[in-house]
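Kindly generate the complete structure, drawing on both the sequences and the hints.
There are 2 protein chains.
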Amino acid sequence: MVAAQQAKRRAGRPPSAVLGPAHITKAALKLIEQDGYKGLTMSALARRLGVAPSALYNHVASKADVLLLVEDHLMAGVDVSGFGAEPWDEAVRRWAWSYRNVFARHTPLINVIAVLPVTNAPQTVTMYEAVTAGFLDAGWPQERIIDAIVALESFIFGSAFDVTAPEDIFDTGTLAADNPLFSAAVRSRSIRNSASPGSGSAAGSSSSSSSSSSSSDSAFRLGLEALISGLRASLDPVEAKPAV
Amino acid sequence: MVAAQQAKRRAGRPPSAVLGPAHITKAALKLIEQDGYKGLTMSALARRLGVAPSALYNHVASKADVLLLVEDHLMAGVDVSGFGAEPWDEAVRRWAWSYRNVFARHTPLINVIAVLPVTNAPQTVTMYEAVTAGFLDAGWPQERIIDAIVALESFIFGSAFDVTAPEDIFDTGTLAADNPLFSAAVRSRSIRNSASPGSGSAAGSSSSSSSSSSSSDSAFRLGLEALISGLRASLDPVEAKPAV
Numbered sequence: 001m002v003a004a005q006q007a008k009r010r011a012g013r014p015p016s017a018v019l020g021p022a023h024i025t026k027a028a029l030k031l032i033e034q035d036g037y038k039g040l041t042m043s044a045l046a047r048r049l050g051v052a053p054s055a056l057y058n059h060v061a062s063k064a065d066v067l068l069l070v071e072d073h074l075m076a077g078v079d080v081s082g083f084g085a086e087p088w089d090e091a092v093r094r095w096a097w098s099y100r101n102v103f104a105r106h107t108p109l110i111n112v113i114a115v116l117p118v119t120n121a122p123q124t125v126t127m128y129e130a131v132t133a134g135f136l137d138a139g140w141p142q143e144r145i146i147d148a149i150v151a152l153e154s155f156i157f158g159s160a161f162d163v164t165a166p167e168d169i170f171d172t173g174t175l176a177a178d179n180p181l182f183s184a185a186v187r188s189r190s191i192r193n194s195a196s197p198g199s200g201s202a203a204g205s206s207s208s209s210s211s212s213s214s215s216s217d218s219a220f221r222l223g224l225e226a227l228i229s230g231l232r233a234s235l236d237p238v239e240a241k242p243a244v
Numbered sequence: 001m002v003a004a005q006q007a008k009r010r011a012g013r014p015p016s017a018v019l020g021p022a023h024i025t026k027a028a029l030k031l032i033e034q035d036g037y038k039g040l041t042m043s044a045l046a047r048r049l050g051v052a053p054s055a056l057y058n059h060v061a062s063k064a065d066v067l068l069l070v071e072d073h074l075m076a077g078v079d080v081s082g083f084g085a086e087p088w089d090e091a092v093r094r095w096a097w098s099y100r101n102v103f104a105r106h107t108p109l110i111n112v113i114a115v116l117p118v119t120n121a122p123q124t125v126t127m128y129e130a131v132t133a134g135f136l137d138a139g140w141p142q143e144r145i146i147d148a149i150v151a152l153e154s155f156i157f158g159s160a161f162d163v164t165a166p167e168d169i170f171d172t173g174t175l176a177a178d179n180p181l182f183s184a185a186v187r188s189r190s191i192r193n194s195a196s197p198g199s200g201s202a203a204g205s206s207s208s209s210s211s212s213s214s215s216s217d218s219a220f221r222l223g224l225e226a227l228i229s230g231l232r233a234s235l236d237p238v239e240a241k242p243a244v
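In the order they appear, the protein sequences are chains A and B.
Take 1 as the starting number for the first sequence in our numbering and just add one per residue.
Take 1 as the starting number for the second sequence in our numbering and just add one per residue.
None of these hints come from the bench; they were simulated from the model.
It should be emphasised that the depicted structure is a prediction, and the values quoted were computed from it without experimental measurement.
Hints may be right or wrong, so weigh each one.
One-sided excerpt, in silico: chain A residues whose CB lies under 7 Å from chain B [claimed, not checked]:
hint: 1; residue: Gly-50
hint: 2; residue: Phe-155
hint: 3; residue: Phe-157
hint: 4; residue: Ser-159
hint: 5; residue: Phe-161
hint: 6; residue: Asp-162
hint: 7; residue: Asp-171
hint: 8; residue: Thr-172
hint: 9; residue: Asn-179
hint: 10; residue: Ser-213
hint: 11; residue: Leu-222
hint: 12; residue: Gly-223
hint: 13; residue: Leu-227
Ideal Cβ placement from N, Cα and C applies to all residues, glycine included.
Below, the structure is given as structure tokens:
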């Protein structure tokens with residue numbers, strides 16, 4: 001059956017066009033979008049591509065290989081163009097906003113990619129090479145750069161989830177009376193956001209100006225600016241000394 | 001069958017002892033530990049508790065209710081004792097380390113709990129009430145407190161994943177030659193960590209001193225201290241002005 005199917009496909013367009021990395025990646029992302037990460041199986045992927053599983057295995061050896069294709073595809077969408085061209089602050093800002101926006105569209109992949117070795121993912125490693133070069137240019141000591149990247153990525157991954165959080169996530173409902181301070185803080189944030197729905201917009205931020213995106217954008221901006229200024233200060237031993 | 005089973009249990013110990021919130025929570029966490037979040041179904045939970053699904057439904061109306069129990073159980077383990085007792089920096093530090101450590105043991109729940117409304121989770125709201133009180137005491141304007149909490153939580157959730165990352169996550173393998181800067185930074189971090197495997201330990205940090213925990217601890221410490229100092233600086237308009 002497989003041979004027949006392949007022969008049939010060959011008569012039309014070559015299998016390489018159907019099963020190129022781009023097609024496999026696109027189909028894998030569609031599956032994950034529909035059913036979460038658990039929906040990504042080799043047989044479901046073959047079905048979606050309209051080929052026999054064995055034909056798929058000729059192109060990718062395992063689900064792990066598919067995942068590397070997906071990771072590389074997503075990481076290639078992260079904007080590293082600021083490194084080497086802009087001041088460190090600006091380059092980190094551009095990188096972080098684009099990185100968050102890419103993963104906000106693919107949150108079911110975060111817990112997988114956050115712990116996935118980069119060993120066979122060339123686009124991913126290229127992304128890290130550009131970021132590392134930017135940190136070295138800004139005077140970062142080599143042995144602290146990975147910690148700084150991991151800290152920023154942790155914030156970025158967590159913030160990507162927040163983009164998809166419902167607007168009423170902090171509504172305290174009947175618990176409001178017993179928790180007045182938190183409830184009032186939630187209310188005043190909500191009033192601030194509805195008063196200036198567009199104020200959350202900035203270069204690199206999500207184009208949507210819904211109230212929910214405004215909330216997640218303002219939290220992301222506050223945290224990112226704090227991280228950038230705190231990390232920059234940590235480079236200078238005098239400034240880094242914690243004020244007591 | 002359900003009635004017979006309930007009658008049999010009543011003859012032994014009362015069903016309330018078997019199906020109290022604590023038992024349901026414990027069984028739910030075991031299921032998630034084994035099979036991930038998708039392993040948590042009402043029927044699997046009833047099976048694990050040794051009761052008929054209808055008996056379980058007498059105590060929790062839905063999987064969403066079980067999840068609230070689980071969320072509340074985890075949030076009750078987050079240490080808010082510093083707020084109201086210690087300086088803001090110290091209280092945030094204690095809270096953040098304990099929060100990260102709780103979720104590092106339950107990463108399959110992060111993408112669920114990060115977007116779960118708190119409306120019917122009393123322990124969770126109590127946790128937020130204590131944190132909000134601490135921020136108000138430290139002079140934070142009410143309308144910016146939730147953004148600051150969300151920014152810290154985003155960093156905490158992302159960092160919890162990093163605790164479970166394999167030690168070789170950044171090994172570039174055959175890609176090293178084309179990506180020398182990143183590869184060298186990864187190598188120097190690894191050398192630093194193996195030279196001082198215990199140096200990552202601090203109050204509130206993970207008790208394990210493995211190389212991997214040392215890596216994630218040092219990244220978490222760098223990011224958390226940067227966030228704390230950056231957030232504190234953002235309270236003062238003069239200090240907050242970005243240096244260009």
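Where does the structure disagree with the numbered hints, that is, which hint numbers, in rising order?
-> The structure breaks hints 1, 10; every other hint is satisfied.
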